[in-house]
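Required output: the full structure, derived from the provided sequences and hints.
So the sequences go chain by chain: Y and E. So for the first sequence, this note's numbering puts the first residue at 175; every next one is plus one. So for the second sequence, this note's numbering puts the first residue at 34; every next one is plus one.
Calculated from the structure, these hints are not laboratory results. Cβ coordinates follow ideal geometry from the N, Cα and C atoms, glycine included. Some hints could be false.
Think about it this way: if two alpha-carbon atoms lie no more than 25 Å apart in a straight line, the pair counts; the simulated SDA-like pairs of lysine to any residue are [stated by the list, open to error]:
#1 K254(Y) - A467(E)
#2 K485(E) - M310(Y)
#3 K462(E) - L180(Y)
#4 K485(E) - S307(Y)
#5 K493(E) - G221(Y)
#6 K485(E) - P315(Y)
#7 K493(E) - G229(Y)
Computed footprint of chain Y on chain E; a stretch qualifies when at least three of its residues, placed anywhere within it, have a C-beta under 8 Å from a C-beta of chain Y [what the hints assert, rightly or not]:
#8 126 to 132
#9 446 to 459
Given next are the chains, with one letter for each unit.
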Amino acid sequence: MLSAILVMILLGVVLGAILGYASIKFKVKGNPLVEKVGAVLPQTQCGQCGYAGCGPYAEAVAKGEAAPNLCVPGGDAVAKNLADLLGVEFQPVGGSEGAGPKPKQVAFIDENNCIGCTACIKACPVDAIVGASKLMHTVLPDRCTGCELCVPACPVDCISMVPLEESIANWKWRYPVIEIKKAA
Amino acid sequence: MKTLHKFHGGVHPPEHKAESNGLPIAAAPLPRRLVVPLRQHIGAPARAVVKVGDRVLKGQMIGAADGFISAAVHAPTSGIVSAVDLHAVPHPSALPDLCITIEADGEERWIEHQPLDYLAAGRDAVRARLRDFGVVGLGGAVFPTSVKLDPCALKIGTLVLNGAECEPWITSDDRLMRERAAEIVEGIKIMTHLVQPEQVLIGIENNKPEAVAAMRTACRDTGFQVMAVPTQYPGGGEKQLIQVLTGKEVPSGGRPANIGVLCANTGTAYTVHRAVNHGEPVISRVVTVTGNVEKPQNFEVLIGTPIGEVVQLAGGAKTGTSHYILGGPMMGFDLNNLATPLAKAVNCVIAASPALFPPKPAAVPCIRCGQCAQVCPCSLQPMELFWFSQSRNFDKARGYNLFDCIECGCCSYVCPSHIPLVSYYRFAKSEIAAQEREKRAAEQAKARFEFKQLREEREKAEKAARFAEKAAAAKATAGAEGEDPAAAAKKAAIQAAVERAKAKKAEAAAQAAGQCDVTPMAAVETPAESLSPCPLPPTGEGDLEPLRDGSLNPTESP
Chain Y
175 MLSAILVMIL LGVVLGAILG YASIKFKVKG NPLVEKVGAV LPQTQCGQCG
225 YAGCGPYAEA VAKGEAAPNL CVPGGDAVAK NLADLLGVEF QPVGGSEGAG
275 PKPKQVAFID ENNCIGCTAC IKACPVDAIV GASKLMHTVL PDRCTGCELC
325 VPACPVDCIS MVPLEESIAN WKWRYPVIEI KKAA
Chain E
34 MKTLHKFHGG VHPPEHKAES NGLPIAAAPL PRRLVVPLRQ HIGAPARAVV
84 KVGDRVLKGQ MIGAADGFIS AAVHAPTSGI VSAVDLHAVP HPSALPDLCI
134 TIEADGEERW IEHQPLDYLA AGRDAVRARL RDFGVVGLGG AVFPTSVKLD
184 PCALKIGTLV LNGAECEPWI TSDDRLMRER AAEIVEGIKI MTHLVQPEQV
234 LIGIENNKPE AVAAMRTACR DTGFQVMAVP TQYPGGGEKQ LIQVLTGKEV
284 PSGGRPANIG VLCANTGTAY TVHRAVNHGE PVISRVVTVT GNVEKPQNFE
334 VLIGTPIGEV VQLAGGAKTG TSHYILGGPM MGFDLNNLAT PLAKAVNCVI
384 AASPALFPPK PAAVPCIRCG QCAQVCPCSL QPMELFWFSQ SRNFDKARGY
434 NLFDCIECGC CSYVCPSHIP LVSYYRFAKS EIAAQEREKR AAEQAKARFE
484 FKQLREEREK AEKAARFAEK AAAAKATAGA EGEDPAAAAK KAAIQAAVER
534 AKAKKAEAAA QAAGQCDVTP MAAVETPAES LSPCPLPPTG EGDLEPLRDG
584 SLNPTESP
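Structure, rendered in structure tokens:
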């Protein structure tokens with residue numbers, strides 16, 4: 175009887191010590207869910223969700239403060255993935271189904287009209303615009319995420335968004351469809 | 034004699050080699066205009082180094098290799114550059130790509146030939162020569178040979194030369210080996226010098242006895258072994274040929290170099306020889322023109338010749354030609370524009386007619402017969418890959434080793450339901466590749482965004498530190514040198530004003546206490562007055578400071 179109690183107490187102490195040690199030693203820093211949410215987001219940093227970039231939005235979503243269907247560039251695909259990740263019901267972006275991801279666009283600066291004010295350079299969240307004061311600026315299309323934040327920043331409206339054209343470098347094989355033959 | 038091994042699966046489609054392998058390789062006449070695509074190899078496209086109006090010589094570099102995995106392109110004849118723009122290129126997408134158009138002057142003036150003594154020159158010099166002379170793998174993948182022959186840290190035990198040519202209809206390697214075996218062997222010697230293998234195996238399918246004999250004769254006293262391998266599609270697949278010759282299987286997701294094997298096409302060996310020993314870049318290749326044409330034959334055609342003219346070399350297409358196929362019928366793709374130029378990767382042009390290539394009946398549902406799995410040379414499960422690709426379940430498809438599929442088309446060939454299986458795999462592969470690209474772009478964007486934030490914060494902190502330093506310095510000078518008379522006067526004035534305000538306030542307070550009457554003026558004045566003696570510059574002004582020396586003020590120029 176006594177020995178049984180002692181054994182149980184000993185076990186409790188030893189296991190408690192192990193658990194206590196493990197909780198300190200293997201403590202997970204930060205919320206791992208934030209990373210996962212961030213990996214799903216397109217990282218355009220456009221702020222269309224109402225947060226200052228994808229990082230703050232990911233944090234808000236992970237905490238349950240923001241709905242998972244606010245990412246406009248990601249569209250329903252991202253909203254669906256986020257809903258799956260969080261285990262909540264999927265709600266389409268903008269309230270109605272079919273908000274597919276926007277066709278990928280990049281900013282384009284009309285260099286003839288650019289006055290070199292550097293306003294867009296400051297607005298660009300990913301440093302995709304190069305240029306200097308009173309010299310024309312240009313967008314690095316490979317780095318542009320298409321967030322459109324530079325468009326309102328331009329005082330002379332010389333920035334436009336152009337859809338990314340299909341080229342051999344980004345061409346994809348189509349889903350095989352069986353052609354329906356015309357009835358003779 | 035070394036024993037041969039077997040690979041899994043494979044099919045035996047009708048060979049159709051006899052149509053075109055009877056006649057020798059004929060030289061094609063010079064076309065009037067040549068269109069040379071800048072992207073003729075895997076990796077970064079070449080960078081144009083000529084401009085419109087430039088006069089170029091035959092063999093002159095017109096596009097330089099751009100990046101490590103890249104190769105140069107050259108003018109196929111002498112003439113004048115008439116355009117550097119988008120033009121149709123041989124690609125399944127039928128999208129245009131950047132090309133250099135040359136109007137031939139008919140003089141065929143060559144650049145100066147500068148052979149390279151590869152035994153004396155360093156290996157890096159030989160590789161640089163291959164890269165700058167546009168040598169790429171002519172077996173179909175057009176991988177830059179200079180990169181392939183870079184042994185890096187991997188030890189290459191076996192060099193495999195691929196002369197199997199397993200695709201039906203194509204006979205260009207066959208004719209090349211029959212007619213130019215000695216030159217191919219010279220090229221193999223250069224490759225051997227670069228990678229130092231222990232053995233060299235040349236694999237040729239046994240339906241080409243003349244080529245085997247010619248290569249055996251040429252390889253006498255070299256130690257290279259010419260081996261006739263059983264004819265079975267896709268026996269000319271890199272991994273399949275390696276397995277047949279060495280018995281070793283390339284691991285899933287790996288490259289032949291992982292098992293100490295390097296595989297190159299015999300046609301590539303020929304161009305290596307021409308580039309190194311003769312100083313001739315890759316400006317032409319042997320092409321089989323066959324199918325529904327008058328006189329099927331192999332031709333040595335300049336790169337950039339319009340396919341329509343290539344077809345004319347064989348007497349033109351016969352009536353009933355419905356379309357053209359570039360490459361073989363198993364792995365090739367349909368051509369939709371006869372103005373498309375010939376590129377280094379194109380080894381065959383087939384004029385197709387409904388009689389030769391009857392249209393496939395409509396696909397019906399998969400019956401899970403498993404025939405595709407029996408013929409798959411990569412031992413995959415094509416039916417599973419099909420299910421997952423069809424339902425866009427890409428992770429699952431990947432889990433079933435989709436990327437080990439070589440798209441040989443054996444599964445589609447045997448499918449009793451006529452399902453275009455390879456089309457599904459290609460679709461799934463390119464979707465996964467696009468997803469990966471997007472993911473990489475997102476990661477990069479995140480890193481750039483975070484760096485920008487970090488930089489902005491750092492700049493803010495630096496600015497604050499600068500002001501604090503300045504203020505401290507001002508204070509120190511004020512303390513050390515005694516008070517500057519003007520400053521002292523100002524300070525006294527401020528002090529007096531503060532005193533006045535205090536007196537006023539006290540007065541007002543007394544009045545308020547006495548009469549219960551609030552003086553609004555005093556209440557408003559007080560905070561404004563009490564702020565003025567602050568020794569630090571007001572923060573609002575401080576924030577504007579960088580604008581004075583910075584970029585924003587248009588009245589000042591640097």
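Review point. Are K485(E) and P315(Y) close enough, with their CA atoms no more than 25 Å apart?
Key: Within the cut-off at roughly 18 Å; holds.
Check your understanding: Between K254(Y) and A467(E), does the CA-CA distance stay at or below 25 Å?
Key -> holds (19 Å)
Point to revise | Stated coverage of the segment 446 to 459 of chain E by chain Y [criterion: 3+ residues, CB within 8 Å] | key: holds (count 4)
Point to revise | Pair hint outcome, K493(E) versus G221(Y) [Cα-Cα no greater than 25 Å] | key: Distance of about 22 Å is within 25 Å: holds.
**Study point:** 25 Å Cα cutoff - pair K462(E), L180(Y)
**Key:** violated (63 Å)
Check your understanding: Within a Cα-Cα threshold of 25 Å, do K493(E) and G229(Y) meet the stated pairing?
Key -> holds (21 Å)
Point to revise | Verdict on chain Y covering the segment 126 to 132 of chain E, where coverage means 3 or more residues with a C-beta closer than 8 Å | key: holds (count 3)
**Study point:** Distance restraint between K485(E) and M310(Y), which requires alpha-carbon spacing of 25 Å or less
**Key:** Holds, at about 21 Å.
Exercise for review: Mind checking the alpha carbons of K485(E) and S307(Y) for me, to see if they're no more than 25 Å apart?
Suggested key: This hinted pair holds, its Cα atoms lying about 19 Å apart.
Checked against the numbered hints above, the structure violates only hint 3.
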